[in-house]
Structures are given as C-alpha cells and as structure tokens.
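Visitor: Guided by the hints, dock chain B onto chain A, whose structure is given.
Protein chains: 2
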Amino acid sequence: MDIDALKSAHPDHWKKAAAIRALTLDAVHAANSGHSGMPMGMADVATVLFEKHLKFDAANPEWPDRDRFILSAGHGSMLLYSLLYLTGDAEITLDQIKNFRQLGAKTAGHPENFLAKAIETTTGPLGQGIANSVGFAMAEEIQRARFGAKLVDHHTYVIAGDGCLMEGVSHEAIGLAGRQKLSKLTVFWDDNNITIDGKVALSDRTDQKARFEAAGWHVQEIDGHNPEEIDAAITAAKKSDLPSMIACKTHIALGHAAQDTSKGHGALTDPEQLTAAKEAYDWPYGPFEVPAEIKSAWEAIGQRGAAARGDWETRFSAASGAKQKEFERQQNGEAPKKLSATIKALKKQVSEEKPKAATRKSSEMVLEVINPIMPETLGGSADLTGSNNTKTGDLGVFDVDNRAGRYVYFGIREHGMASAMNGMALHGGVRPYGGTFMCFTDYARPAMRLSALMQQPVVYVMTHDSIGLGEDGPTHQPVEHLAISRATPNTLVFRPADTVETAEAWEIALTQQKTPSVLSLTRQGLPTVRTEHKTKNMVAQGGYVLADAEGKREVILIATGSEVEIAMQARETLQAEGIGVRVVSMPCMELFAQQDDAYRKRVLPGGPVRVGIEAGMRAGGWDRWLLGERGREAKAGFIGMDSFGASAPAGELFEHFGITAEAVVAKVKDLLG
Amino acid sequence: MDIDALKSAHPDHWKKAAAIRALTLDAVHAANSGHSGMPMGMADVATVLFEKHLKFDAANPEWPDRDRFILSAGHGSMLLYSLLYLTGDAEITLDQIKNFRQLGAKTAGHPENFLAKAIETTTGPLGQGIANSVGFAMAEEIQRARFGAKLVDHHTYVIAGDGCLMEGVSHEAIGLAGRQKLSKLTVFWDDNNITIDGKVALSDRTDQKARFEAAGWHVQEIDGHNPEEIDAAITAAKKSDLPSMIACKTHIALGHAAQDTSKGHGALTDPEQLTAAKEAYDWPYGPFEVPAEIKSAWEAIGQRGAAARGDWETRFSAASGAKQKEFERQQNGEAPKKLSATIKALKKQVSEEKPKAATRKSSEMVLEVINPIMPETLGGSADLTGSNNTKTGDLGVFDVDNRAGRYVYFGIREHGMASAMNGMALHGGVRPYGGTFMCFTDYARPAMRLSALMQQPVVYVMTHDSIGLGEDGPTHQPVEHLAISRATPNTLVFRPADTVETAEAWEIALTQQKTPSVLSLTRQGLPTVRTEHKTKNMVAQGGYVLADAEGKREVILIATGSEVEIAMQARETLQAEGIGVRVVSMPCMELFAQQDDAYRKRVLPGGPVRVGIEAGMRAGGWDRWLLGERGREAKAGFIGMDSFGASAPAGELFEHFGITAEAVVAKVKDLLG
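These protein sequence lines are chains A and B, in that order. Counting from 1, one number per residue, gives the positions in the first sequence under our numbering. Counting from 674, one number per residue, gives the positions in the second sequence under our numbering.
For reference, chain A alone in the conformation it holds in the complex (with noise of 0.2 Å):
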C-alpha cells in the first residue's frame, strides 16, 4: 500500500482520518488489549461516510431522525469511539478514550448501546449488528409509513467484516432485507482478506458480491482507501431502490507492520512499531494528542447535522399536538393508558367465559385485543404463523408496498427475526414480537441473550412448549429450554396457565422498557383455572396461591404452565384424603424472586412438603423454590422431565414421562412418610 500517495492524493482527508487510526493505536496500547487493525483499514470509509452522508447531530445524539451507523465488526469498536469523541459527543469524551476497556469506563472492549446515547447496538458477537440493522431499516419504513417522511426519513449504515459474513444470521438477515427491498440500508464489506486464523481463504471462498446480488441486493466494489470512490459508491446505494452492499477493498492495519497480517487483527501494542506507524502517517502528535485544526474539522462535522436538525423541529413541531404526543409516546416506548383496562375487560370476560385453551390460542385472543389500542406493535413469525398465532386480523402484512403492514413474514429464520427485533426495539417506535416453536430458543439465542445484555423490551412468543407438543418428538420438544431462559440475566420467562394469565403476562411484557419476555406456550388446550375476577394483575407478583389448603396445611405444590391444571387435579384427591394441600401458581419465577421476603414468606411458608411440577428440567431454576434459598427450608420432591420427549400423542407422553395427578400425588405421600 502505498500510504504517501494516499496523502497525496488527499491530504486533507488523509489527516482526519489519521486521527482515527493514531487514537486508535494510543487507546489500544494503554489498554494493552484490543483490536486496533480493522480501525486503522476502515478509517478512510468511515471518515468520507461521516464527512459527507451521514446525517447525525453529535450534540443530539438522539434525534429520532438521525441516520443509524451499525458497527456490526464490534471489535473495532476504537472507531466508533474514535468518530464519538472526534466529532464532539459529550460523553465519549477524551478521558474515556484514555481509559479504553477500563472498568466503569463507556468505552467498554465492544460498543454496548447502554454505556452511551450515541451508541446504537451492542456489536461483537459477530453477524448481529448486520442482522440488528435490518430491524432498523424495517422500523424507519414502519415509522414512515405512519408518521410521513417529514418526521421519519432517514438511512442505516453498517460496517460488517468477513466474521459477520460468514456467520449465519447474515444468511438470514441479507435474505429477509433483499426480499423487502429496503433500500435505505447500506452495507460495507470491510473486505480485508484476513480472519484471526490467517488468509480469510483458509476458510471461505465465497463470492461475496456474487451472494448479495443473489439475495437481491446492489453490490458494488471499491477501493476503501479512496475517499472519491467511497463518496461515489454512497451516492449510488443511496439512489438505489434495493439495499446495498459496498465491497470495500482495504488492508487491515494499514501502515503498521502488522498490516495485511492476521496479527494486526489484534493488539498492536509495541511501542516502536506504534511510532513507525505514526510516522509513516505524517503524525507527529503525542499520545492521544489531536491537533486543534483536526479536531475542529472533526467537530464541523459533527455540528453538520444541525441545521437539517433544527428543521425536523421545526416540522414536528408544525404536526398536530396528537401526533407529536403519539410520535414521542412510541418512541419513548410508554404503553398507551388503555392497555390497562383492555387487559382487565379480556380478564373478567375470559374469567366468566371459562374457556378450554391453548395458551397459544390465549395469547392470540390477547394480541387481538392488544394491537388494535397499540399501533406500535409489530408481529411476526419464523414460518409458524397458524402455529404460533401472532397474527391479528388488524394488522396487515408489511411488505415493499404496505410498509404500514404490521405483521412481517419472517421466514424460517428464527436467528434472523431475534437479531431483526432487536433492531427495530433499538431503533425505536416499534414494539416488536415474534413467534416460533420454543425449541428454537436454539436458533434464536445468540440474539436473545442480547435483547437481555442490551435492555430492549422484546417479547418472544415461544409456543409448544413441552411433551405436549407431541409426535413432532423430542427434536421439537422444549425441555432444557426454560432453565436456559431463566438463566440469562434480565429475562422475564413467562408460563402462563390459562388465557387470564396469558393476559396479564401480556400486559406485564408490553409495559416493559428494558427488559425482554419470553412466553412460553402450550399447543394442547388447558382449562381456565383462574376463574375468580381478580383486578389485580396476579402474574405481576410471579408466584401467588391459585387455591389454598382445606385444614392444615401439609404439602405446598408449585407448578407452572399447562402444569397448574395437574397440579390442582392432585390437590383433589389429596384434599379427598384429608391431606390439606396449596397450589401456588408459578407464571414467571423472575418477578417472584423479586417480591419482598414477606411476601415471599406467605405463599412459601417453611414447613409443609413442597413438590414442583413443569413439564421441563429442574434444573430450570426449580431448587430456589423448593428447597429455599439458604437451605433448611423444606422437604421437595420434583415432577418433571429428566431426558429428552419422545414422539406420541401428547396425552400418551405424559403418561409415559409421569407427569400426571398420580405422580405428584404419589411423590407427596413419599414425602410426608
């Protein structure tokens, strides 16, 4: 490479983007960890990118209408940090670039979106924040659709390297952007030719440009380092009616002497090298120094955006009161004032009607009551939409000509739809669910975890959730897959027993601002065991007594789910025997371990037998609860799974595995003695 034309050619251009790649190395070595290489190849695109196209306010870093830039090569995470700092973000500040992946510092060792305003997504895990992006662009045309192109009008940028496009999910996420033609989402392909292993041909060699036209995207091919065929390149992918992708041709590292090297993927931490580097740059400045000229050009261009800023103001506040009030409502992701009575009239219907139901076919009898009051919703499924029942008769399907469609068909792509999610709750303004069978929790959980780690209030409806499922067999069968939801921090897993606890978990689920849901649903009906109206929403506590112990109180049985209903069969003919039994209902173990310890106390009182009943592992969190926290508490015993299902009829699987009144009755009297 020859690095003195590049200056040359253009030397003003040259210096602002030097200032990444000399921050970037001064950061890295401090932190003596890091990945300085894939910022010292991309600064040349990223700088053209922020200079001349992106539309952004730095002192607004919130501007709903702001263009989105994905970092979906999070490792190179010194170049947002960089840009941030560069162009004036008041929290990405000098200090922070000094402390780089220190604790406490925003500048974390991969960008998390809730350290900084400016921060869109959480990237490094590779593939999502390409996959993230295709939410985004979805939920600006879903925004625009509904609120107009003088309020919503704006593109995603991404920057995704060879790890992102081998991974999978990008399969996934460039089939569902080009079936949708979403053509303001602009992907650069940091094509540098070197993964960690070696020469990305070690292990790849697709055609890349070759796989996104096939996906319906427009490709072109440019030379990275040359800021007019960067600008040229954005001007075209901005013009084009699909969604494109830019080969940019680089070298990793460039001007250090671990360029092209897999080595300058990494750490580049010796000083000497360092120096050469920065020399071979022009760079005659200090550590972290950034002369005042460059900086200030950096600033001018973080100010660029202002002006067409200022003019969105003045447009939304030109709207009717109602739509600025409703615009920010979404936004800001508050759930409408009627959702609480909604919830309650479906209640005390479904409490009277007593209905035997699926609680998939609950949660559906929910969603049509809930997405007519909250246009902000937006349903999908991976290819199971009649199984999973997530779409509503109101919501039209979105699609290249009805962007105002509120349900997506997502494909068979589990991984995709979560990744997808994430990024229209990240966005904004769009309250996203999505269904699929929960076994393929499998697929979709790199992209779970982080609904949870990134705090987006995303709802998986996860139907079939047993045996019950039945002769589909144990390929479909959950068993493990609640342990491993209730193990990931800042999930809300919900097993609801009936459509009233379907309800309320619903209303629980839409009213969160940072924290994700998973519903776990049956196939198989179950009858209303919640037949007392109760305002209160009970699921709220996670836990409460469904039916309390006739006589003294000597066995406490906890179940969740299609479980309860066993449970309460048990409860007769232990009560028929003179054995005084309580059914705690168990809907959501996260939000009980959160009650107070009174409270707690009340419904697990110490003493009597306790037996839990789910038709899963118990491993799935159950010990807490039946033993007590700190030990002592009480005798237990477990009903559940402890294999994989098997293929049948679903009546004949409980039977088989014992998850039956019999069982648990059984197992209490084992226990009493």
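Calculated directly from the structure, the hints in this document are not laboratory data. Being a predicted model, the structure only gives us computed values, none of them experimental. Quick reminder that beta carbons are idealized off the backbone N, C-alpha and C, glycines included.
Now the stretches of chain B that chain A is said to cover, found in silico as 3 or more residues with beta-carbon under 8 Å:
#	region
1	778 to 788
2	841 to 851
3	1057 to 1068
4	1113 to 1125
5	1131 to 1145
Over 12 Å on every C-beta distance to chain B, these chain A residues come out as not near it, computed from the model:
#	residue
6	Asp4
7	His53
8	Lys98
9	Ala257
10	Glu272
11	Thr275
12	Ser317
13	Gln331
14	Ser340
15	Met538
16	Ala549
17	Lys552
18	Met568
19	Glu577
20	Ala663
Guide: Frame of chain A, contents of chain B only:
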C-alpha cells in the same frame, strides 16, 4: 401437473414412486398427524437415487462404505421410512409404518438416528441435515486418506427444502463445503416454492442457484418429477469436482387436492381427498398395501448393493490384520488402550512440575500427547485457533490437497462447525473436537443439543469461560452458559481446575461412546491444585474432596474451575481462624450425580454450611449440591454472578463482582452466624 403424462412416460418408475406416496398418505392418515407433502413431492428424486445411484445394501445398514442418505427436510420422515420399508430394512417394518408417530415406534415424527440403524442422522430442526452432511463428506475424505479408496469411497446425498436453505446454518455449511471442494456431496433442493406460511416469496426471493455458485458449488436445475433428468443430474454431480446442488422443481403433495399449497406441507388426512389422490396415482390398493411386484422391485433395489458390499468385505479381509483392527477400532469409536497410560504419565509429570497455566493451555498440553496416539481425532476451531489452543503440532491441516490433515479451519462458523462435527461423529471413524469462546455456545447451541439427543461423543472446547476473559466485555463473557449445557440431558460439562483435572476430563470425554462433552476452560492462568499424583481419574467421580478440614468440619466449600483456587485461599484464611473447611472440587456435576448415595454423602455430608463458588449463575445446577436433593441438608450460600459481566481487566472484574476469597470468608461467617 399432468400426472397422466408422468405415469405413461415412465410406468415402472411411476409405480415405485407411487408406493412412497401411498404409504405416506396412509401413515399420516393413521397417525392423524405428520407431513405428507414433501414425500409426495420428492418421491421421484428419491426413487431414482435409490434405484440407480445410492450404494447401499439394505441387509447391512451399517456397512461402513455405504453411501449416506441424509433427509435434511426431516419433517418428510415418511419418505425415509417408506424407502427403508420398501427396500427391506429389517427394522422399519410395515408394522412400524403403521405405527408412525406412536409411542415406542421407530418411525418417530422426525427421523431419530438412535431408533434404527439405517437412519443416518436426526433431522427436523431445519438446516441441520445439510450441515451434518458436510461433516459426513469430510469424514469420508479423511477416512479415505487414511485407509485408501479400496476401503472408503462413498458419496453423501442430501434432500433439503426451502426451510433448510433459509436457515443461517445452511450458509455456514455450504461455505465450508465449497471451500473444501467436497465433491462427493450432493444436495437435492426440493424447490416446491412452498413454506408453512405460504409461497416462499412471502419471505424470500433469494436466487438459490446463484447463491450456491457463489459458494463454489456445481449447480444444476431439473424437473424433479422426470426420472431421466434426475438420473442425468446425479451422474453429472458425481463427475463434478465440486460439491453439487441440484435444484429439483417439484410439486408439493403431488396429485392431491392440496398440491402446490402450504396446506400440502402438513397432514393430509381427509379420506375423500386421500382416495382421490390414490385414484390419480392409479393406486387401487388398500391402506398400507403394496402389491408384491412393486415390493419385489423395491427389494431388488435394496439388494442391489449386496455384491458391492461383498466385494468390499473381500477387500477388507485382504487388508493387513493391523489395518483391519485399526479401521474397526476407529469405526467403533473405541479409544486406544494407550490412552489411559498416556494420561497418567502426563498427570504425574504435571503434579510434579506444578505449572501455572490457563486450562485452555492445559488442554493443549493434553492434546499434544493425545493426538499422536489417537489418529481418529480431528480438531478445529471457529477462527480462534490461537485462543482455543486446539491445534497441536502433528495434526496437519485438512485441505483440498491434504485430506490426511486432521485440523480444520472452520472459519467464523460456530454453528456450522458443531453441526459438521455431529456429521463426522455419525459417519464414524472420526472423533471430532472443536473450539470457540464459551459464550458462543449460543451460536453452536442447536447442534450441541443434537449432539446430546443423537448420542454423539463430540467434544466442545469452550475457552474464555467466565469474566476471566477480561476486557472484551459482557458480549464475550459467559455467565449462563454452564447452566445451559448442564440443563441439557446427556451432556457432560467439565470445568477443570488445573492441568491434572483437564487431562482427566479429556480422558473421560475421549472414551465416551454416546455422550458429548463440553470443556469449560479458562483464558487466565491457574495454579496446579492437584499437586499429589493419583493414578485414579478423580474427575470421573464428578466431585471429590480436594482438601479436607483440619479440626472440626464446619464448612464445605464447593468450587469448579478457576474458582477452586479461590476456595483454597478462603480455606487457608478460615483454617487460620480455627474454622475447619473442606474444599470439594466439582469439575463435573453430571458425573457426581451418577455416583452412589454413599459416595455423595461422604463428599457432602449433612451438617456443615456449604458455599458454592463459580463465576457463573447459581442457576447453573448449584442448588442441588448446596441445599441437598430433598432439602434440609445444610445452610448454604453462593458466590458467583447474578448479572452480565463488564469490560475490564480480569482481576478487577473478580473484585468488582465479589468473587474473591474475602467474599467467600465473609459469606461463610454470615452463614455460621
């Protein structure tokens, strides 16, 4: 679709294919559930493949040199069961077909490899079969390089649907296959233009042919109902030096009222429509009836390969006794006798030298002695070779021109790697292990579950197993991943504390026949805690007393992996204050659970307070050991994580999250009261 034209053009073919269609209709009708449309659409392709190309001998389904047939679109299981029954498989009898999807039947809803010898792999979770098949094809290349084409020379054929091709894992699989030019792999794409939600175009417009070409595949397109075109395409695929994709234009549910509709995907049980379809087929026979002449024709197909198998047996017998024995040992997955002595010698050396080493490094030390004596091992990493320490000096790199290489650069494809490893293990003759960061368990998860369900002894080398990973931050720091793997049935999760335990864990993992293993290994250095050499494999007991209390035993500390060091430090402090502390190292909870009651009570007697220490979530199986299976055993506490991690140097994070000897001491004192 003009069925009459099909019938008259190829009447003999038609009858054979019609047998599959009729059996499918009858079995789904009897089960009142299942998927009719796919077998009815792909019956012609399967018939030609089995009749003209597939090398198999129905009487010997485990013949090692058979061609492999993988039904990636596993919901179409009746296609496979029909083929097996018709060709005379001893296990898939007519009774089994009649019991389709019933409890105890071998004809489960989706094909389960462990139910019948002729079922090569478990499919149903979409994309897994095609990704397995890459491992099958790699194993064939490897085994051929090792034993020669006289003993190993077979093809892998796959039927995949749109679902398989939309799933992200298919991208990883076809990229890897294209890179490795797996020329003996052929994928039939059931291009029927239908998914569950409707037309494929609802969610996808990918040009699949262009996509496979971009990944380096040989691509053809045919009429999937024309036997001559099918035959010619398979012949051409076999000649290509690239993996082959044959796009088969088909009609789902051919000849049924539901043909070409999404309804045709599922269970077609309407009796009148069923009768009409059979009439269209000229199939006047009763339910489950296949006339003798058609059954005979199919049985002849089943016997077609008998001669080839006989020739193979002759060639096998002509090989040297040592070669025969080694082939069989590898094929049967038996560890070499030397393994035990080799591990013991390493343990002795390490106990004496007492190195401080990260357990990922310990793992490499173990592999350095194992790989030379186990030629069947095949290592790899998802682009983290230098971090996972999975490549030893002697392996060589598997590549197009070096099929004897035993190390695979899998690329940034955790899911594809795991699924390919499943395929290798299923194929036989190869014992695969593969590495990534423990946090990316999430990406590999769908295939990891299948390792367990399919009973395949794949080894997952999961390094950087806690906040000890440091600065890369919470996206890369597992906290719930031990819980995830421990909640999965039939999975051994090892978290060794030092090099000795790592060696013992590897020995156990490599002697498994039916259980996958997850090795949870540190990034950071750990002292040797097993300083006294014991020939016995202590990890085999799952948990054991590492250091007993001096004086009265008041406390039991239970720890795993990197936290054993902390437990030992806390013990020292407490003992100095006169408090007797036992330290139990618990490297494998599953194996501890398998010990008899007496042993477990010896290690964890009731009475002393217990504190568990692990830099993960308490939900990771802890309460059972802390509180006792039936409760009331001990007062207990836990020192670990209850949130996501953060970005900072590892030592600071352990302080920050309170996972220190001081915190353990404080917790103990609190519990002692």
